[in-house]
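Q: As a plain string of letters, each chain reads:
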Amino acid sequence: MKLLRVLLAAGLILSARPALAATWYEDWASIRKAAASIKSIETAFVQTRTLKILTKPLVSRGVMDFRRPNDLRWEYQSPLETLLVAKGGNIHRLIKHGATWVADVSGRMEAMKIVLGEINLWLDGDFSSSKTFRPVLRPARAGQAAHVELIPIDPSLGKIISRITIGFGERPGTVSAIDIFEEGEGVTHIVFENSRLDQTIPDQRFEPPR
Amino acid sequence: MRPIFILALLAASCAHLPVLAPIDASRAQATAERCKQAYPAQPWRATHAIFASLPFGQKGGLIGVTAVGAEGLHSILLSPEGISLFDGVQTTRPVPGLVVHRAVPPFDRSDFAESLMSDVGNAFLPPAGPPVAIGTYKTGETVCRWSPPGGETTDVELGEGGPRTIRTYRALHVTREILLLGTPTSGFYPLVVLRVRGAGGYELEMRLVDRE
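Chains A and B, in that order, are what the protein sequence lines are. Sequential numbering of the first sequence, starting at 1, is according to my numbering. Sequential numbering of the second sequence, starting at 1, is according to my numbering.
Honestly, the hints are just simulated from the structure, not real lab data. Idealized CB from N, CA, C, for every residue including glycine.
Chain A side only, calculated, beta carbon under 10 Å to chain B, not exhaustive: (1) Q47; (2) T48; (3) L51; (4) I53; (5) L54; (6) T55; (7) L58; (8) P79; (9) L80; (10) K96; (11) D104; (12) K159; (13) E182; (14) E183; (15) V187; (16) T188.
Quick list of in silico lysine to any residue cross-link-like pairs, SDA-like style, CA-CA up to 20 Å: (17) K56(A) to S78(A); (18) K56(A) to G69(B); (19) K59(B) to W74(A); (20) K59(B) to E81(A); (21) K52(A) to W44(B); (22) K96(A) to Y202(B); (23) K159(A) to V100(B); (24) K33(A) to S128(A); (25) K39(A) to D198(A); (26) K138(B) to P22(B); (27) K39(A) to R205(A); (28) K33(A) to G167(A); (29) K96(A) to G57(B); (30) K87(A) to S40(A); (31) K39(A) to R196(A); (32) K59(B) to E203(B); (33) K52(A) to H101(B); (34) K131(A) to G89(A); (35) K56(A) to W44(B); (36) K52(A) to V89(B); (37) K56(A) to L73(B); (38) K159(A) to D179(A); (39) K59(B) to G98(A); (40) K96(A) to L194(B).
If we strip away everything but chain B, and leave its shape as in the complex, we get (with noise of 0.2 Å):
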C-alpha cells in the first residue's frame, strides 16, 4: 500500500492545469472571439443521436433533445424508440436550480441529473463572462481559458479552422475533454464526443440531427 500512497502524493503535488504562455495582446480580443464559436449563440433547439460508451464495455444509444434560453437548459433523454426516459430543466432564473420532471430506470440515479446537466453544459454552453486568460499551450495550441471562483476550469483549444477541443478541469485534474469534429454551423459541429476518464468513465458520440 505504501507505494501507491507515495504515486498518489507524488502525482497529485505534480497536478497543475496545463502551462499557458500569453500571446500578443494585440491578438487577444480576436482569439477570445475565435474561443467562443465552440458554442451555439443563444436561443437554440437542437436533437442529437447519441452513441453510448459506458463502464464495462457497455454500449447504447439515446436521441438527446436539448433546449437553450433565458430560462435555462433543458435537456430531454428518449429512447430510440421515442419513450421520454429523462426530462430536466436547469434553471438560471428566478432561481438557479436543478428541475427533474421525469427520470425513469435507470435514469432516476440520485446523481444522474446532475451529471447529465454538467455534460450537456460543458459541451453548448459558453462559460460566463470573458476568458482569464488566453496563452499556448508547450505543444503550440492556442487556448482560451476560463476559471470562475469555486467552479471548473475550461479551456478552448483552437485549431486552424477554430474550436476543436474543450477541457474541463476540477481540481487540476482533467474531468471532460470534449472534441468538436467536422466543419460546424452557427456553433453546431456535426459530431460532439465527450468524453469523461477514470473508472467510471465513458463516452458520448453526440451526432447533430436537427438544430432550430
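Okay, chain A solo, but in the shape it has when bound (with noise of 0.2 Å):
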C-alpha cells in the first residue's frame, strides 16, 4: 500500500504538471504556418560584434520593419547611419551623410546583399526556398534554445559567412535573434526587442527617403 500511495502520489505529481506545450517550430510547415500568421513587424534591434582587438564589443543599433508578403526595411541608426528599403521587389540602399540621405553605391560585399535579400524570407517562414543557404532545424538542446542553422550552399560564401543562426521568438511566427558567424572566430549578433506586431506600416517606411 505505501508503495502504492508513493506511485500514485508520484503519478498526481506527473499529471499536475502541464504537458509539454507543442512548439511552433517543431517543422517547417509549422514554422511557413506561424509566420504567415503575423502580417507586419516593427521593431529595434541590437547588433553586437566582438573583435579580440578590442576589450568592448562594438555596438550597433537601429530598426526593422516588415510587411508581408516582402516590403522590408533595415536600418542602423548608429554608429552609422545606413539604411536599405524593399518594396514590391525595388531595393535601394542608402546611407547618411550629414542630413542628407544618399545612394550607397560602393558596391558593398556580395555577401551581404545576399543575407540583407534573405531576411525576408526568413521573416516569411521559408527558409527551405533558398537558393543559397542550405537550411537545418535544430530541435532544443541543454543549454541550446531551438533554431533554424543556415550553411551557405557556394563555398565561397562560405569563406566569408560559415553559418547563420536564427533563433525563434516566444511568440509564434517571430524570430528573436540572428547569429552570422564568419569564418574563424566572428560572429555578429543581432537580438530583436520591443517588437510590435501587425501594426499598420505606411508605405513610406519602405520606400526611399525623399
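Relying on the hints, combine the two individually framed chains into one complex.
A: Rendered as C-alpha cells:
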C-alpha cells in the first residue's frame, strides 16, 4: 500500500505538470504557418560584434520594419546611419551624410547583399526556398534553444559566412535573434527587442527617403 | 600632345615643397611638442564610423577598428552589418611587414592593403624622430616637417588650438591631406577627414565612435 501511495502521489505530481506545449517550430510546415499569421513587424534591434583587439564589443543599433509579403526596412541608426528599403521587389541602399541620405553604391560585399536579401524569406518562415543557404532545423538541446541553422551552399560564400543561426521568438512566427558566424571566430549577434506586431505600417517606411 | 607635354614639364620643374620660414629657435621645442599632439599616445585602440566618397561619385559606409602598439598597426574594416571585410597588420617587429589575415572582395585587390595602411598610418601614427624643420608657410601657419630619407614628407600644420592639418608629400606632390576637426581628447579628434587627390582620388570621413 505504501508503495501504491507513493506511485499515486508520483502520478498526481506528474499529471499536475502541464503537458509540454507543442512548439510552433517543430517542422517547416509549422514554422511557415506560424509566420503567415504575422502581417507586420516593427522592432528595434541591437547588434553586437566582438573583436579580439577590442576589450568592449562594438554595438550597433537600428530598427527593422517588415510587412508581408516582402516589404522590408533595415535601418542602422548608430554608429553609422545606413538604410536598406525593399518594396515590391525594388531594393534601395542608402547611407546618411550630414542630414541627407545618399545612394550607397560602393559595391558592398556581395555576401551581405545576399544576407539582406534573405531576411524576407526568414521573416516569412520560408527557409527552404533559399537558393543560397541549406537550412537545418535544430531542436532544443541542453543549454541551446531550438533554432534554424543556415549553411552556405556556395563554398565561396562559406569562406566569408560559415553559417547563420536564427532563434525563434516566444510568439509564434517571430524571430528573436540572428547570429552570423564568419570563418574563424567572428560572430555578429543581432537581438530584436520592443517588437510590435500587426500594426499598419505606412508605405513610405519601405521607400527611399525624399 | 606637345602643349600638354610642355605643361607637364613646367609643372614638374615648378613643383617643390612649400617653403618654410624658420621660427625663433626658442619656440622650436614647444612647437614640436604641439605638432605631436596631432597623434594619440600609443598604445591605443579606436573605432571609427567611416563615410567614403570614392571615384565616380560612389559613396559607402564602413566601420574601422584600429589598434596601435609595440607590435605595429592592426586595422580591421567591418561592414555596417558587422562582417569583417579586411583584417591586416603592419608589423614593426620582429620583422617589418604587412600581414593580411582576411580580405574579401572588393577589398582583396593587390594594392588595397598597402594603401589602407598608408591612409591609417598617415592619419594616426606620428612620423619617426624629431621634425627636420619647423617654420611658417608664406600664409603664416606654423608647421613641423618630417622628411625621412626615401620616404614621404609629412607636414603638420598648427592652428590656434593645436594641430589642424596633416599633409604628406611624395616626389614633391601632395599625396594626402588630413583635416583634424573638433576638440581632441588625448590626441583623438572627433572627426578626421582624409583626402587623396587625383584621378583615383577619394575622401574618407572618419568619425570617432570609441577609443580605449
